[in-house]
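Chains as they are written, first to last, in this note's numbering: chain B, 1 to 629; chain C, 1 to 366.
A few of these clues could be false.
[Unchecked claim] Chain B residues, not near chain C, derived (Cβ > 10 angstroms throughout):
#	residue
1	Glu-50
2	Leu-142
3	Ser-221
4	Phe-357
[What the hints assert, rightly or not] Derived Cβ-Cβ restraints for the label pairs, each shown as a range:
#	chain 1	residue 1	chain 2	residue 2	range
5	B	Arg-157	C	Trp-106	51 to 59 angstroms
6	C	Ala-195	B	Gly-213	55 to 63 angstroms
7	C	Leu-192	B	Trp-35	52 to 60 angstroms
8	C	Val-149	B	Leu-229	54 to 62 angstroms
9	C	Leu-212	B	Gly-213	42 to 50 angstroms
Keep in mind the hints are simulated off the structure, nothing from the lab. Model, not experiment: these values are computed from the prediction. Backbone N, C-alpha and C fix where the C-beta goes; we use that ideal spot for every residue, glycine too.
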Amino acid sequence: MTGPPSLQRRRLASRLNALSVCVVTTFAALAVAFWYFQVVMNAEYVRLAENNHQRRLALRAPRGILYDREFRPLVENRDAYTISILREHSRDLDRVVRRLAEATGVAEQRIRDELDRHRSEPRYRPVVVIGDASLAQVSAVLARRLDFELPDVVVERVPTRRYPALGVGAHLLGYVGEASEAQVQTGGLRPGAVVGQSGVERAYNTELMGTDGERRVMVNSVGREIATLQEIAASEGRRLQLTIDLDLQLAAEHAFHALGYQGAAAFLDPRSGEVLALVSLPAYDPNNFATGIDRATWIRLNTDVLKPLQNRAIQGRYSPGSTFKAVVAAAALEEGIITPVFTVTCRGGATFYGRFFQCHSKSGHGPVDLRHAIEKSCNTYFYTVGNMVGIERLHKWAALLGLAGKTGIDLPNEVESLVPSPEWKKARTGEKWYAGETISVAIGQGQVSVTPISLANLYAAVANGGPHCPPRLLKAINDGQGWRPPDEVAAPEGPRLKPETVAALHDGFWLVVNGAGTGGRARIPGHDVAGKTGTAQVISLEGGRRAAGRTERDLRDHGWFAFFAPRDNPEIAGVVFAEHGEHGSSAAPIARHVLETYFAKREGRPLPAFEAPPGAPAPAAARGAGAGQ
Amino acid sequence: MFDRRLCAHIDWLMLGAVYLLCAIGVVMIASATADPSRATASQLPATQVYALVLGTGALLVCLVIDYRSFGERAHLIYGGLVLLLVYVLEFGSVRGGGRRWIALPWFNLQPSEFMKIGLALVLARLFSETRHQAPSGRELAIAGALTAVPVVLVARQPDFGTAVTIASVVLGVAILAGMRLKLLGLLLAAALLTAPAAWTFALQDYQRGRILSFVNPSRDPLGAGYQQIQARITVGSGGLWGKGFRKGTQGQLSFLPVAHKDFIFSVLAEEQGFVGVLVVLALYAFVVLRAVDTARRARDRLGALLVVGVLSSFLFQVVYNVSMSAGLAPVKGLTLPLMSYGGSSLIATLAGVGLILNVRMRRFTN
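For reference, chain B alone in the conformation it holds in the complex (with noise of 0.2 angstroms):
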């Protein structure tokens, strides 16, 4: 057995020893090759497989419910459904956005601009394309899905907010967005929160926001949700009582419209700061805001010379007029310098620092005492007395009765109002300041400017005889269990008053609405009521403009009517502001009307319809159009 093939037998026996050394070694790399992957690496590749497989979807946590003091719901939270793409599964995004525009009739080109928008994004987070899609767009999505057509759609059901209809409250109650950038790095937000953007629905934002819960399910290569994996239920926020009535709220809202009028009006529980009506108009559909806002309503309500979106009550600054007279008679009577029974002659006006001051009645009102100065609203009387006070008293009385600076009311971006002093006017225009220019504060015309809600804090305050609450919107809170009153309540502020001082101030305003005054549209009998009535002037500001005809603003006064009511132990005080009402006494059917309805709530009477007083002003229809959109 030698030659070939025995060599040929060797050959293939060290080939074959070979083959073996080499298919150990082969087996033996691929097992240290699935131990590196299976075992070293393990973790990173469970990561990799679960967020293959598993989808986190948001359960977006309904915001609390807001209600009136009786119970009665304000805001409450209806279902939308959004539809939103998932970019991070996506194999062919074009074909999804295709498909998704086909089957909800939504134009192409702007679900493409939502996914621009959101580009910078992380990709696991869904883009909303629709957000208030109708059942009609949801079925089609649903049923396409279940085809697998449009694996990478989710149709979301999300709580929304429903506000009441025509615009009632919109100020007070605010609207809801998403959080800006800014809010969600200083509120720890999650990007496309939903949150508060102004009023109430701002104040009280972390109160009413809830807990946002979420669902984890899985999902197989084409999307399709086989199970649930985890459920964590969204929590909703808490409730909240407001201190609105809304039968006050309305009755307010409907005579305004009723007459024709912008503007805005505050009535208070003088007693307690609670506000009982808030009102600013025109006003706007906080229901647009809810499922976000388009751009087109945005700008309109933005560009509009009405301003729609301002709080009147809380941001619009104007002079007092006559109203102002009550911060002259008590900081005069408690600082002493006059008794009630100081009388001054009127001829019609008066000169002070070598310039005339008129009074509105050229023919003058004789002699008066401060009673019947406040009756008649004389201006002789309230120039020479507030002369007397000089602007450092003035300033300082507005100051202690809650008219200068921020009442505190629990609504955001509240204005100062402004009562002038030495120091604030050399601090601002570097000037002393001139005696002759207290003359005019004494009326509250000049550099007075103040917000409805102060003017209202004033007369809530003199209507208490000194003391006075802040406004305050939240009554009570419900966490869950039950409803407790909010933790901090603001204590009574400012000074009691004079006995003497509250009986002539109480009896001049009631003298005003009672007697012959201006006030004689808000008499409700039996009802005492006190009040003031006061005038705007638009054109001292825009005289020189009118005089080239170069505005087209409406250049008519405003008018004002602070009151309380009843005389004798207060319960309800505010202020009513006619925007371009001429007079005082146009902006009092408006309060009448409250008041009206409030007495007729308290006595168990059914509430009563708005009657337009005799001589009012045709409703300006034209300057209406800004409202209840």
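Go by the hints and put chain C onto chain B.
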């Protein structure tokens, strides 16, 4: 014809390992084809068992008849299979982008799977007649031609994976038959040199894409690189002990395409973990080493080379498929012998196993 005493020499250990692998395969197919959203079981495991029965028949035929008889008729078997391949190209039924099957009433025949054995037979016979220490150039040329014919026919179906597998047979048999290693080196060098030309002219776009995305899977993570990335995730997330039968998320939720065929090993790795991988790899290694041992003990050169020929394609497919399962090789439509779903593959593989057992069983007879 059949001596009962031969039964004593059947390699029961290897046979047991083979059937254990088949059984594991059926179980994994059941898991991979179950639809988690429906309660009904899939038909595919039953089909696989049916193929296993047919395959056992094939195994018995290849075991009982003396391998030398097969060797004597090797050219006939080879010729018949070439004719079938030609027939398939003309009249075969098309499925999944390839013309590969002959539809029989009780079975879909895929001749290319059987060609691996046919080629092993004819090459074993060719090289067993070599009179010198190394096969002559003429013999190598004939072997090359014999290989080229089925390779070209299968590649035109097109079934690139199987074509390469068939080509692996000639390499194994020629080397073991004593081919000079210098010549082998020359061939490899030539292959490397022609690779750029082959890249440009011989490959289709999708094939180039697959190779590119193997080099860099993130090139197209949702396209060509997808399967490779998913395969790696499937394997890696299995861990040491696995997620459990039918608990694998990757396989169950069809992130892996054709999990019951090409990626059955990934499913195993996910659900049975590294431990399951080790067991199955050990079984394959045992079968292969047992076959090498059979070749060593073979009574004659024909038997040894026949075992090597059958083993070549088997080994190539196992190593390639397992590598691919972990994303270590470009994705290619290659099944895992014995475990993957597929009738022809299973039957042909079992027939091959029958031949190997045949050689071992008859190592003492004359």
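Results for each hint:
1. Glu-50: violated, 8 angstroms
2. Leu-142: holds, 17 angstroms
3. Ser-221: violated, 5 angstroms
4. Phe-357: holds, 83 angstroms
5. Arg-157(B) x Trp-106(C): 51 to 59 angstroms: For Trp-106(C) against Arg-157(B), whose Cβ atoms are near 54 angstroms apart, the range 51 to 59 angstroms holds.
6. Ala-195(C) x Gly-213(B): 55 to 63 angstroms: holds, 58 angstroms
7. Leu-192(C) x Trp-35(B): 52 to 60 angstroms: violated, 32 angstroms
8. Val-149(C) x Leu-229(B): 54 to 62 angstroms: Given range 54 to 62 angstroms: holds, Cβ gap about 55 angstroms.
9. Leu-212(C) x Gly-213(B): 42 to 50 angstroms: holds, 45 angstroms
Consistency note: the structure conflicts with the earlier hints numbered 1, 3, 7.
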